[in-house]
Structure formats: structure tokens, C-alpha cells
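The letter at position 339 of the sequence shown is residue 363 when you use the working numbering, and the numbering goes up by one with no holes.
Just so you know, these hints were derived from the structure itself, not from any lab.
A hint or two may mislead.
[Claimed, not checked] Computed spacing ranges between beta-carbons, pair by pair:
{"hint": "1", "residue 1": "119", "residue 2": "222", "range": "19 to 27 Å"}
{"hint": "2", "residue 1": "173", "residue 2": "342", "range": "40 to 48 Å"}
{"hint": "3", "residue 1": "297", "residue 2": "334", "range": "45 to 53 Å"}
{"hint": "4", "residue 1": "222", "residue 2": "133", "range": "34 to 42 Å"}
{"hint": "5", "residue 1": "296", "residue 2": "186", "range": "42 to 50 Å"}
{"hint": "6", "residue 1": "186", "residue 2": "292", "range": "33 to 41 Å"}
Even for Gly, the Cβ is constructed at its ideal location relative to N, Cα and C.
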Amino acid sequence: WSAVGVHVLACDPVSMRSLCVMAVGLLLFAAAAHATIYDTDSRRDEYEMDPIARDLGRGVAAIVSRFSMFGGALPSQPDIGSRFGLCGGDDPFEDQPAPAMCTAFLVGPDLMATASSCIIDDVTGFSQCSSLSVVFDFVMQNPTTPRLSFSQNEVYNCQEVVNRTSDGSDWAVFRLDRPVLGATPYTRFRSIKHLNVREKTFTIGHPMGGPRKYDEGGRIESIDGGFTGTGVKVYTDSDTFVGSEGSPVFDADGRIIGLHSTGNIDFVVNQNFGCNRDLVCGDGPRKEDDDDENCRYGERVTAICYLANEVRGVERCRDAVGDLENVRSGDGDEYMFVPPPPPPSPTPPTPP
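Hey, can you work out the whole structure from these sequences and the hints?
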């Protein structure tokens, strides 16, 4: 997909990525991103979530073009349906505005983490930081009302890229122009060596560039210690789309295990009407010998260990994968990790 700006100039429904050029006279970058719906769609809006989930999402922001904001407001058009050439009535969120390019989350007072593909041009390798802003609390307030106006404390500009991927992984840390007010950096993380196949996951982000979504219906499908050449990662069956890149992925206890990178394709073309439909894999991610290549593997999540140099409390990748055995999956040939030990029981006081 190509990002970003104010208006859709062109959409190509034939390319299975729904290539859309968004511009204000400037093409920022192009990044390939794929995803789909597994089983049933479990994406939910802000107003549908309980206070605990909403509090967990406070540190998640939308990455937008700096040129798309006018007077602290995001544009209401294009909506999701028109931006991605969707068939009418296909996606439950198709009428919501879609100004976001990617997702990022707060890992320090003025530090954000995201996918490298969101902030680095894949072709030139140049940083697009100077053209990007992040917006906190871009959400749906009710079923029909998006929040499009923001205060100064909710909008920040990208100042510099602090660190980014140097191998086959997909991650970046960038600094904002000032510390964030109103959101607290994430401090709870979980190492890949303590994860298990079929564990539940919870992803928060901006799929299709729309208001913040919560997907608590995902599970880990496989775990890769980096032996396949594309970095340390896990695969999940979360319902993510283009725009979800950089989304934090949590375990069931609210600890970040990684950030969303890429996955299966987003859409399939309705040949009768020339429009796109959400790809739905009713049986979840399938195995490599399945005939339907569109539903293989699942959604790739870059392990949080890559952020160890910039984020306190994150275990380094070389320590996290030291004892791993190549790739584990849920197909019956898996190597189960030993979960982290429970906290020690308090020692009872010695009677006088």
C-alpha cells in the first residue's frame, strides 16, 4: 500500500494490496502490508471496550502525515470503504474515516516504537520522520461519531529515528519533539522464550487507517527464534489490516510481546463488481501444504526483544532465544517453553 495524505487519488483493486496513493502533492513512502480476518471478526471500537482495555490503549497512537492535519483536526475523508475500494456493506467499519498510515506505541516519555516500514522508505532507505506526526486518542466516540479534533497535548511530531532494524526484522524507535502528556509509557513486557503456542493475544492499533481498534480474539500460531532469516517473531491469527503495522501485541496479562509487522493479504477482488472484499479465513491460518496460499501462516509479530537497547525492562534477543529450538508451531511438532517461575511466597514471620 502507499500512504498517505488527504485524498485518494487512485486505487488499483487488481493489485492484491489495494494500492492507494494518498497525497497532497507528496508521496511519502510505500510499504507492503498484509492481513486478514481469521474465523470471525473480533475488532472492536473504543466505546465498546471496558475501562481496563481502554486504559491499556492510551499509549497507542496513529501515525499520520504532518500535512494531513489542519488546525489540530484530521480529515473525515476518505473513509475506509473509498480508500481501499471496498464493496459496499463488506466491512463493518467502512464508513469510518481513514487518515492514519500506521500505528505506534509509547515506550518512553518521548519515545515511540513502530514497524520500520512505517517510518523508513523501503526503496531508498531514507527516513520519513520529518513528514510524520502521531495522534493519540483517535477513536470512535459512539457508533457514528469519530473524534477528529485534538488538543496540542494529543499531537506530536517525529523528531528523529533513534534506532531501527538492521536484519530481516521490522521495527523502529523514534523520538518525538517533546515528552507526551496524558499517556504513560508501557513498562510491562514478556520475553519470547516464555510464550506458548495457542496463547491468547490482544492487539491494539489503527487497521485500515481508521480509529483505534481492539482485537482480543487472537492466538499465537507459531514461534520463530530467528532461524528463518526474518528476525525473532511469532505468528498470530489476529484480525489486523494495513495500518496495523507497529501495533503493540499483548499477552492475556497485558504485557507486550511484540509489534505487528505484516501477514496475509488484506483483500480479494470481487471480479463481478471490480471492488475489494475483506479476505476471510474461516479456519484460521492454515498449514504450508494448504492449497489456499492467501490463508497461510498468520500475522507476523516482531518480538519485543529488539527494543532492549532503548527500552528498560526488555530482554535482549540473544538472551531471549539462546535456548530456542528453531521454529515451533501448533501442528503437533512443538517445543513447549517453560513459563516464568511464580513469584516467591512470602516468608511467614518467625514467632517470638
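Hint check:
1. 119 <-> 222: 19 to 27 Å: Distance hint for residue 119, residue 222 is violated at roughly 35 Å.
2. 173 <-> 342: 40 to 48 Å: The hinted range 40 to 48 Å holds for residue 173 and residue 342, with Cβ atoms some 46 Å apart.
3. 297 <-> 334: 45 to 53 Å: Between residue 297 and residue 334, where Cβ atoms are some 47 Å apart, the hint holds.
4. 222 <-> 133: 34 to 42 Å: The hint (34 to 42 Å, Cβ to Cβ) holds, given that residue 222 and residue 133 are roughly 36 Å apart.
5. 296 <-> 186: 42 to 50 Å: holds, 49 Å
6. 186 <-> 292: 33 to 41 Å: Holds, at about 38 Å.
Hint 1 from the earlier list is the only one contradicted by this structure; the remaining hints agree with it.
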